[in-house]
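J.: Everything in the sequence shown is counted per my numbering, starting at 1 for the first residue and increasing by one.
I should point out that these hints are in silico values taken from the structure, not numbers from a laboratory. Check the hints yourself; a few may be wrong.
[Stated by the list, open to error] In silico lysine-lysine, DSS-like type, Cα no more than 25 Å apart, as pairs: (1) Lys-68 - Lys-151; (2) Lys-68 - Lys-85; (3) Lys-79 - Lys-193; (4) Lys-192 - Lys-88; (5) Lys-88 - Lys-11; (6) Lys-68 - Lys-193; (7) Lys-151 - Lys-11; (8) Lys-68 - Lys-79; (9) Lys-88 - Lys-68; (10) Lys-85 - Lys-151.
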Amino acid sequence: MIEQAIFFAHKHLSSCDNVGESDDWRDLSYLVDYLAYTMERSLSGHPCRKGCDSCCRLIFPVTSLEWKSISAFLDRSGKGEAFRKLAKESYSSRTELLEEYAALWTGGDERRVPDPLSCPFLEEGACGIYPVRPLVCRGYGFFAVWIEGEKSLLMCPSAGEALKKKISKEQEVPLPMWDLYRRRLSELNSGKKVAPLPLWLLY
Numbered sequence: 001m002i003e004q005a006i007f008f009a010h011k012h013l014s015s016c017d018n019v020g021e022s023d024d025w026r027d028l029s030y031l032v033d034y035l036a037y038t039m040e041r042s043l044s045g046h047p048c049r050k051g052c053d054s055c056c057r058l059i060f061p062v063t064s065l066e067w068k069s070i071s072a073f074l075d076r077s078g079k080g081e082a083f084r085k086l087a088k089e090s091y092s093s094r095t096e097l098l099e100e101y102a103a104l105w106t107g108g109d110e111r112r113v114p115d116p117l118s119c120p121f122l123e124e125g126a127c128g129i130y131p132v133r134p135l136v137c138r139g140y141g142f143f144a145v146w147i148e149g150e151k152s153l154l155m156c157p158s159a160g161e162a163l164k165k166k167i168s169k170e171q172e173v174p175l176p177m178w179d180l181y182r183r184r185l186s187e188l189n190s191g192k193k194v195a196p197l198p199l200w201l202l203y
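Whole structure, please, built from the sequences with the hints as guidance.
T.: What follows is the structure, encoded as structure tokens:
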């Protein structure tokens, strides 16, 4: 089942031409959701424990395409003003640092931010923009990724250990490679701005 889903998703990957817009196989978010859903069903649950928000206490690259969907959601939901006010209060003093990383990420350098900053959309341990969350948030916990030449899990160590135990009890389970989907996202974003979520709110 998982092998078929991965093959099917890879087959459609090159046909993806939008992020969070069409809600079909041309939508990269839809494709990642499909894989995450298939993995969750096959593994009888999510490897992350309920209520854990440790991955939300880091900042990461968010493309213009992803922000377009998030911004539209904020306008529709009426949450935009409150989140922008919170971002101004919490992150204004870090604007210079955030701009530095935005410049690096837009140029293709995806190094991680050394000091953790919580996601501005974290509300009492839950995601305030869950329907339009960024691509990496959708895939977190169900993908493998290459880090410095070594294959690793796209998840925190705690969830990773839980997943390894679950897999060892059942069978060896293949994981889709996150790098392929991240690359397609970069291709679709095509040189447009990439920035941390707090900075998008400050613009």
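J.: Okay, which hints does this one fail, numbers in order?
T.: 1, 5 and 10
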